[in-house]
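> What follows is each chain in one-letter form.
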Amino acid sequence: MSVLAAPVASSRRVDRLGVLIALVAILGAILPFALFRANRIVPGEGGGIAAALPPAEAALLGLALLCFLAAAVLRVPAAVKLAAGAALLALACLLVGRSAGFLTPPGNSFARVAPGSGFWTLSFAALLLAADALVRLRLPPLGRVAVLVLALALLGLLLWSGAWDGLSLLKEYGTRTERFWAEGRRHVALAFGSVAAACLLGLPLGLLCHRVGRLRAGVLSVLNILQTVPSIALFGLLIGPLAWVAANVPGARALGISGIGAAPAFVALVGYSLLPIVSNTVVGLAGVSRSVVEAARGMGMRRSQRLFRVELPLAAPVVLTGIRIVLVQNIGIATVAALIGGGGFGVFVFQGVGQTAMDLVLLGAAPTVLLAFTAAVLLDAAVEALSGSNRRKAER
Amino acid sequence: MIRVENLTKRYGDSPPVVDDLSMEVAAGEICAVVGTSGSGKTTLLRMINRLVEPSAGRVLIAGENTRGLRGHELRRRIGYVIQGHGLFPHWSVAQNIGTVPRLLGWKPAEIKARVDELLGLFGMEPAAFRDRRPAELSGGQQQRVGVARALAARPDLLLMDEPFGALDPVIRGRAQDELAAVQARLGTTIMLVTHDMEEAVRLGHRIAVMDGGRLLQCASPAEMMARPATPFVEALVGGAERPFRLLSLERVEAAVEAGEADGPPIDAEASLRDALSACLWSGRDALPVEREGRRIGRVTLAALRHRAAPGGAGRAA
Numbered sequence: 001m002s003v004l005a006a007p008v009a010s011s012r013r014v015d016r017l018g019v020l021i022a023l024v025a026i027l028g029a030i031l032p033f034a035l036f037r038a039n040r041i042v043p044g045e046g047g048g049i050a051a052a053l054p055p056a057e058a059a060l061l062g063l064a065l066l067c068f069l070a071a072a073v074l075r076v077p078a079a080v081k082l083a084a085g086a087a088l089l090a091l092a093c094l095l096v097g098r099s100a101g102f103l104t105p106p107g108n109s110f111a112r113v114a115p116g117s118g119f120w121t122l123s124f125a126a127l128l129l130a131a132d133a134l135v136r137l138r139l140p141p142l143g144r145v146a147v148l149v150l151a152l153a154l155l156g157l158l159l160w161s162g163a164w165d166g167l168s169l170l171k172e173y174g175t176r177t178e179r180f181w182a183e184g185r186r187h188v189a190l191a192f193g194s195v196a197a198a199c200l201l202g203l204p205l206g207l208l209c210h211r212v213g214r215l216r217a218g219v220l221s222v223l224n225i226l227q228t229v230p231s232i233a234l235f236g237l238l239i240g241p242l243a244w245v246a247a248n249v250p251g252a253r254a255l256g257i258s259g260i261g262a263a264p265a266f267v268a269l270v271g272y273s274l275l276p277i278v279s280n281t282v283v284g285l286a287g288v289s290r291s292v293v294e295a296a297r298g299m300g301m302r303r304s305q306r307l308f309r310v311e312l313p314l315a316a317p318v319v320l321t322g323i324r325i326v327l328v329q330n331i332g333i334a335t336v337a338a339l340i341g342g343g344g345f346g347v348f349v350f351q352g353v354g355q356t357a358m359d360l361v362l363l364g365a366a367p368t369v370l371l372a373f374t375a376a377v378l379l380d381a382a383v384e385a386l387s388g389s390n391r392r393k394a395e396r
Numbered sequence: 001m002i003r004v005e006n007l008t009k010r011y012g013d014s015p016p017v018v019d020d021l022s023m024e025v026a027a028g029e030i031c032a033v034v035g036t037s038g039s040g041k042t043t044l045l046r047m048i049n050r051l052v053e054p055s056a057g058r059v060l061i062a063g064e065n066t067r068g069l070r071g072h073e074l075r076r077r078i079g080y081v082i083q084g085h086g087l088f089p090h091w092s093v094a095q096n097i098g099t100v101p102r103l104l105g106w107k108p109a110e111i112k113a114r115v116d117e118l119l120g121l122f123g124m125e126p127a128a129f130r131d132r133r134p135a136e137l138s139g140g141q142q143q144r145v146g147v148a149r150a151l152a153a154r155p156d157l158l159l160m161d162e163p164f165g166a167l168d169p170v171i172r173g174r175a176q177d178e179l180a181a182v183q184a185r186l187g188t189t190i191m192l193v194t195h196d197m198e199e200a201v202r203l204g205h206r207i208a209v210m211d212g213g214r215l216l217q218c219a220s221p222a223e224m225m226a227r228p229a230t231p232f233v234e235a236l237v238g239g240a241e242r243p244f245r246l247l248s249l250e251r252v253e254a255a256v257e258a259g260e261a262d263g264p265p266i267d268a269e270a271s272l273r274d275a276l277s278a279c280l281w282s283g284r285d286a287l288p289v290e291r292e293g294r295r296i297g298r299v300t301l302a303a304l305r306h307r308a309a310p311g312g313a314g315r316a317a
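Sequence order for the protein chains is D and P.
Just so we're aligned, residue 1 is where the first sequence starts under our numbering, counting upward by one.
Just so we're aligned, residue 1 is where the second sequence starts under our numbering, counting upward by one.
For reference, chain D alone in the conformation it holds in the complex (with noise of 0.2 Å):
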């Protein structure tokens, strides 16, 4: 019994995961911390910890790494690996901001210093540490959206506040403003505007598909093979039958319709988003409870009634579950829509990768996954909520 004893209590000490995210951390210690550049294009020299920052303040990264360390290997509660984690996060990212004004030569607007590889790899484990704490805590959901608003006001706050400002990619950023801005609103709305209009026209076909049982699986297999087309192909596709819309048929081009640009963009996008809303919607009205549709019909709901007061909020959590996949989809693939002249952050990313600029797909990417997390934690609250309602109660 002692000598079983022994090896287990020694494991029961030492958290595996951390262990992996302390060894990723390490590797992050080691690989260069900033990046340095004579220009925006040329490639860089890297410098670890000590060498992108001053003395005192690469001190201080060092001992905040250690605590870290420690938290993540050993078996301490949730709350304090997520302090941790969040506690080297936020130090990583101000002192990254420290390090443009240490690297960059006094009168030099040509030299661009950029987050390097280590603090790259130095914020996903704390990050990866953070989250797992946050999964062991089993927020609730209105909990998980509070964590999220709190870290979006504390990035907010490091933009805002300009200890970011000698990074490459806010001085890519300061150079187009604007722009970031416009592409910002166009990506959001054909994201958000292409998984609405899906909406309408999806959840009226799911349910005309669950009522008419020989309709079913038509519809579904011409979605699947809708989704299958890879979308750089579909938005070329496009062109074409739009073009003659827009030449055709009289108002479209006043509304925007034309072979490129936002139109084809946006028709893609939803012809994307409607087999997971289409077929959630299936799912989830077949997945209520016969006897409880039944029982709706003999207390003498209507066909309506029936519809919203029962099996739709019944249904919900997977048609929700349904919308949020494509939610996060089409902000993704909403990047391609650049590609066709259709905006959004996509323009960056292309403008980036033919400049071979790195920071400018950065400006491009940065906020897209951003937007895309934001949205997924935001959805997958809210499914949460919906079905937690039905079960919380009966787990106490």
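Everything labelled a hint here was simulated from the structure, so no lab data went into it.
From a predicted model like this one, the values you see are computed outputs, not experimental measurements.
A few of these clues could be false.
Said to hold, decoys possible - Only some residues are given here: those of chain D computed to face chain P with a beta carbon under 10 Å:
#1 R214
#2 S289
#3 S291
#4 V292
#5 E294
#6 A295
#7 L314
As the list claims (entries may be wrong) - FRET-style restraints, in silico, Cβ to Cβ:
#8 P:S55 x D:G287: 29 to 35 Å
#9 D:G162 x P:K112: 56 to 62 Å
#10 D:A385 x P:R154: 35 to 41 Å
#11 P:S138 x D:L370: 46 to 52 Å
Claimed, not checked - Sample of chain D residues facing chain P (criterion: CB under 7 Å; computed from the structure):
#12 R297
#13 G298
#14 M299
#15 G300
#16 R302
#17 P313
Note that the Cβ used here is the ideal one computed from N, Cα and C, for glycine as well.
Model the placement of chain P on the given structure of chain D, informed by the hints.
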């Protein structure tokens, strides 16, 4: 109360599910419709509230042809209980019970009062159960809420399709007694579909036996056991079980005679079947009978034997 006239349901060219069936259920009665699966008993029930539209024939409720009403309006006036209760999982107990009153546009205060009244009637403390979800209730409680929901708008007629089918035997017995008590108090006419003869005998003032879409016999339990109309009915009422079922129909007080007996007494409210069981188990020929703690006489094995044979018993109801 309900009059079914030449009711027929036919799907396509296959033989009719319900075939030219006529019957009547008097107001305040429990009529148990018994049959094997596929006998058409559930279809018969569903044609009464028009969840299934009849192919031919008509249904009169209190003299009124049900055709004259829209389906959902008819159903709001008829209570309906199904197997596995079918409670709405996303609504509280109070919302579930208030379903039909809400559809009928009752005022919230009225609905709340009615919900509390029904919870009380079924022995569930309103404050403790009102806000729970169906998933937080036991099977027996869910079943009671299902019946309370069906009774919420004070229907004169209650249709029940295998209402106790999902319950275990112990809880089922209790639920049956409870239903009988509630029915006796409210005077609701009940048409109850079951495949369980025991249940039909226990609850039904009259039993209707169906087979292959036809009504074979509709009679009081005692009469059905004494004079089964067909061999099928005879098999269903159970050859060997018959004397015991017959005895279970009557209370001890019906067979009480003057005289003394030894040993522990039996309550006048117990069934004759319980009395027979006590006689056999304790090896006595007679049991003293008590009502509310007072001796009122005795019941003898000879009297029980007489009543266990056809013609010996007659059910008061």
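> Decide, hint by hint, whether the structure agrees.
Cross-check of the supplied hints:
1. R214: violated, 18 Å
2. S289: With a closest approach of 8 Å, the S289 of chain D hint holds.
3. S291: holds, 4 Å
4. V292: With Cβ-Cβ at 5 Å, under 10 Å, it holds.
5. E294: holds, 6 Å
6. A295: holds, 3 Å
7. L314: Result: holds, 6 Å to nearest chain P Cβ.
8. P:S55 x D:G287: 29 to 35 Å: holds, 33 Å
9. D:G162 x P:K112: 56 to 62 Å: The hinted range 56 to 62 Å holds for G162 of chain D and K112 of chain P, with Cβ atoms some 59 Å apart.
10. D:A385 x P:R154: 35 to 41 Å: holds, 37 Å
11. P:S138 x D:L370: 46 to 52 Å: Because 48 Å falls inside the window, the suggested range holds.
12. R297: holds, 6 Å
13. G298: With a closest approach of 4 Å, the G298 of chain D hint holds.
14. M299: holds, 5 Å
15. G300: holds, 3 Å
16. R302: This interface hint holds because 5 Å falls under the 7 Å limit.
17. P313: Holds, about 5 Å.
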